[in-house]
Amino acid sequence: MTAYAIELQSLRRTFDVRGGAQRLALDRVDLSLPTSGVHGLLGPNGAGKTTICKIIATVLLPTSGRARVLGHDVVRETATVRSLLGIVFGGERGLYERLTAMENLQFWCAMHGMRAGPGRRRAQDLLERLGLGSRAQHRVETFSRGMKQRLHLARGLVSDPPVLLLDEPTVGMDPVSARDFRTVIADLRAEGRTVLLTTHDMDEAQALCDSVTFIDNGRLLGTGSPAHVRGMLGNSRRIMIDDVDAAAAGDLTGVLDRLPAHVRARLQIRHDPADHTLSIEVPTETHVIAAVMSAVLAAGHTAVSAAPPSLGEVYLTLLGTDAQGARRGMEVG
Amino acid sequence: MYTPVTWTVGWLGRILMQVAFFGLIGLLLQDPEAVRYLFIGQAVMACVVETFMAVASTTWERLSGTLGLLVAAPGALWPVLVGRSVQWLPSGIATSSIALFGLGPAFGVRWHPSTAAIGLCLVVLTALTMYPVALSVAALVLRGPRWRNVASNVSHTLVMLITGVTVPTTFWPDWVQDLALGMPLTHGLAAIRDVQESAAGWDRAGAAAALMVGLGACWLALAAAAFTLFARMGRADGSIDLRD
Amino acid sequence: MIRAIGAGCAHQLRMMRGTPDWFLALFTTPLLTAVFLTIFQASARQDLTTYAVLAPALMALWTMSLQTAGELISQERENGSLEALLAAPAPFAAVLFGRIGAVTLVSLVAFVEAWLVGWLLTGAPLPVPHPVLFVLTVAATTWSMTGWAGVMACVFVLARSARTFQNSLSYPFFVLGGVLVPVTLLPDWLSWPARAVFLSWSADLLRDSLDAAPVVMAGGRLLIVAALGAAGYVLSHALLTRTLRRVRTTGRLAHA
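Chains as they are written, first to last, in the numbering used here: chain A, 1 to 333; chain B, 1001 to 1244; chain C, 2001 to 2256.
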C-alpha cells in the first residue's frame, strides 16, 4: 500500500465561462497527504477547495495532472477509487428530506452494493454511533442542522471507507453540534482513517487537523502541521486588546508612539473596527513585550492577551482576508 | 413564468393540440357535428384550465413564506389573494381565442366578424367569471398546499365533465344539471355555441352575460369569505408559519 | 446491476409516498375515463367503450413516465445528491431505470381505475377476450415506456430549455400515439410519423385484445412495440453516457 492517502500532482482544472474565456480553478497543485490523520484544506470561497474534492471524488475530471487515492488514479481507476471513498458534501442539501434517516442510509448502502439485510444493520449501527438511533424512523425534514450533518457523515461512512472527504461539514452548525461533530471526527482519526476536511473555521482546523494546507485562487500557499504553518509568520507574538473602539485605538496608538523609538519601530499595530480589537505584533523579546504590555495596562486596558499567532492569523496574513473572504482590519501604526 | 417563445411553443402549442385531440374524437364518431361540438367546448375550456392555475399559484404565497406577513399586514387578506393570480387571465383569454378563431375554421367552426366579436366578449367574460370559482378551490387548498396540483386538475376536469364542454348538460341527471347551472362556464359556453351555430346576436349574449356576472359575483363573495376564514382558522390553530 | 435497479425502484416508491403530485395522473384517470365514455354514450356509440377505457390509462402511463423523466435527474441536482450518486459505486443508469420503472409500474394502476369506471358507467365489466395478448402488450408497453422515459430524462438534462416544453409533450403524443383515435384515422402525413411512436402500436394492440375478433399478426406487432422500446434503451444509454461524461468534464450538467 502506498504511503499516501491522497496525492495530487500538477493538478490543473479550468472551467469555460461565457464569452469563450477560461477560469483557472486549480493551478498545478501538488499535494501529498499521508494515510491516517485529519488533513485540513483551508481557503476562502472560490479558492478551489471544492474543485479538489470533486476531482478526488471522481465527479469531475482534471484538465491536466493526476490525482490518486491510496495509489489509485481517479481517472483510470474510477471504480476502485469510488469504493475507497466516503464523501460528505457540506450544507443541508444532499439528503432525501421526505425519507426517514434509516431509509436514506439504506438507499446509500444499496448504492454501495450492499444487500438489504447487511445494509439495514449497517445503517442501524451508524445511526446509533452518530447519536441518531432514536430518530432512525423520523423524516429528515424534521431534523436540525446538526442532526442532518451527522446523517451526512453517516452516509459517507456506509461503505466503511478508509478515506473520507468532508467538504465544509460544520458550516452553519450551532456551537454545541459543531463540538459534538468534531468529537466524531477525532474518533474517525483514532480508527486510522484518513480525513480530508475543508473548512472556513480556523479554530476547527487548529483543534482537529494534523496537517493544514492553505489554498487561494487555485494555488497552494503553504502546507504543514499547524505548528509549522504558524511558524511561517516568523518568530513573533501577538498582543490582543479587546473592547477597543476607534477613539480608544487612536489613544492607544498615541500611548505606544511614546515608547522608545527602537521599540516602537518594531511594532505592527492593526485595529479591527468590526471586532473592536487592536492587535500588536511584537518580536519575541521579553523586554519589548514587557514594555508594550505595561504601556497598554497603564492606559487602562485589562482585556489583554499575548500568544503566538493563531491559524486564523496565519490565514489572514497569507491570504489578506478573513475566512469569509472579506478584507479586514486596517493599519494604524 | 412565460417568455414569448415558451408561451407560443410550449403553452399555446400544448393547448391547441389538446383542443385538436378532442376535435379528432369527432372523426372517430364520423360526425362533423360532434367535431364542432367537441372543438368549441375544448377551445373555451382552455381559458378555464388556465384560470384554474390560480389554485396552485395562490399556494405559492404560502410556500414562499409570505403568507404569514400578509396575514400580519393591516389590510384584509382576500383582495391580495384575489389579485395574486390574475396573470393567468390574459394568457387564458388569448389561448382560447386563438384556438376558437384561428384553429376553428380547420375543424369546421366558422365565424363572421360580428359573431366573432360577440364570441370574444363571451370568452373574456367566461375567463373573468370562472376565476373566482378557481379562487374558491384555492382557498380550500391553502389548508393543504401539497394537494394544489391535484385539486386544480381534478376540479377543472369535473367542471369540464358537467358544464356542456364534451356532452350536453341534458345528458346528466337533474341534480348534476342543477350543479352545472351554478358554473358561469355553462352559460358562457352555451351562448358561444348559439352565436356560432345560429348567429344569435348581442341580446342572447347579453342575457348570458348578466347571468355570468351574477354568478361570478357570488363565487367572488364565496372566495373572499373562504380566504378570510382561512386566515382566522390559521391564527387560531397556528398553521400559518412565517417560514413555511 | 440488478440490485441497483431494485434499490432505485424501492427508493422511488419511498420518495413518492405522501407526495400527491407523483400520482396526479391517477387522480384524473377516472374523470377522463368518464369524459370519454360519456362522449361516446351521448352519441350512442357503446361500441367505442374499449377506446374510452384504454385511452386514459395509456395517457396516465405516458404522463407519469414523462414527468418522472423530466424530474429525476434535475431533482437530484437540486437536492444536492446528484454528485454523491454519481460518485457511488452503483451504476447510475441502473438506478435511474429502476426509478423510472417504479413509476411506470405504479402508473399501471390507471388501467384498473379506468376499467372500474367503465364498469360503473356502463353497468357491465368490460370483457377481455384476449387476456394473454392484453397482458403481454401491457408488459411490452411498460418496457418501452421506461426506455423512452430514459431518453427524455437525458434530453431534459442536456437541454435544460427542453424542460419548459415538458408539459407540451403530452397531447401531441396522445394524437401521434393514437391513444384514443387510431392513427389510421389521421391524415396521411400524420399517420406515417405516428408509426414511429411505439404507443401507436401498443394502443392498436390493446384495443384489438379487448375485441372479440381474432387479432391479426399479434406476435409481429408485439415485437415492434418491444423493438421500438429497445431502440429507446440504446438511445438513452448513449445519451446518458454523454451526459455523465459532460458532467465530469465540464462540471456542469446542462448546456447553458
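Calculated directly from the structure, the hints in this document are not laboratory data. Ideal placement from N, C-alpha and C gives every residue a C-beta, glycine not left out. Hints are supplied without guarantee of correctness; some may be wrong.
Example chain C residues on the side facing chain B (calculated, C-beta under 7 angstroms, incomplete) [as the list claims (entries may be wrong)]:
#1 Asn2167
#2 Phe2174
#3 Val2175
#4 Leu2239
Distance windows between CB atoms, simulated [said to hold, decoys possible]:
#5 Asp1174(B) to Leu2126(C): 43 to 51 angstroms
#6 Gly1108(B) to Val2109(C): 35 to 43 angstroms
#7 Thr2122(C) to Thr1228(B): 53 to 61 angstroms
#8 Ala2227(C) to Leu1222(B): 34 to 42 angstroms
Okay, the calculated bits of chain A under chain C, using three or more residues with CB under 8 angstroms as the criterion [what the hints assert, rightly or not]:
#9 103-113
#10 261-274
#11 281-287
Checked hints:
The restraint placing asparagine 2167(C) at the interface with chain B holds, with a minimum CB-CB distance near 6 angstroms, inside the 7 angstroms limit. For phenylalanine 2174(C), the shortest C-beta to C-beta distance to chain B is roughly 6 angstroms, which falls under 7 angstroms, so the interface hint holds. Using the Cβ-Cβ criterion of 7 angstroms, the hint placing valine 2175(C) at the interface with chain B is satisfied: the shortest such distance is roughly 6 angstroms. Taken as an interface hint, leucine 2239(C) does not check out: its beta carbon lies about 22 angstroms from the nearest beta carbon of chain B, beyond 7 angstroms.
The hinted range of 43 to 51 angstroms is not satisfied by aspartate 1174(B) and leucine 2126(C), whose Cβ atoms lie roughly 28 angstroms apart. In this structure the hint that glycine 1108(B) and valine 2109(C) lie 35 to 43 angstroms apart at CB holds, the actual value being about 38 angstroms. Roughly 45 angstroms separates the CB atoms of threonine 2122(C) and threonine 1228(B), a value that falls outside the hinted 53 to 61 angstroms. A beta carbon spacing of about 55 angstroms between alanine 2227(C) and leucine 1222(B) contradicts the range 34 to 42 angstroms that was offered as a hint.
Remark: the region 103-113 of chain A is confirmed as covered by chain C, as 7 of its residues place a Cβ nearer than 8 angstroms to a Cβ of that chain, reaching the required three. Requiring three or more residues with a Cβ within less than 8 angstroms of a Cβ of chain C, the coverage given for the region 261-274 of chain A is violated, as only 0 such residues are present. Coverage of the region 281-287 of chain A by chain C is violated in this model, with 0 residues showing a Cβ closer than 8 angstroms to a Cβ of that chain against a need of three.
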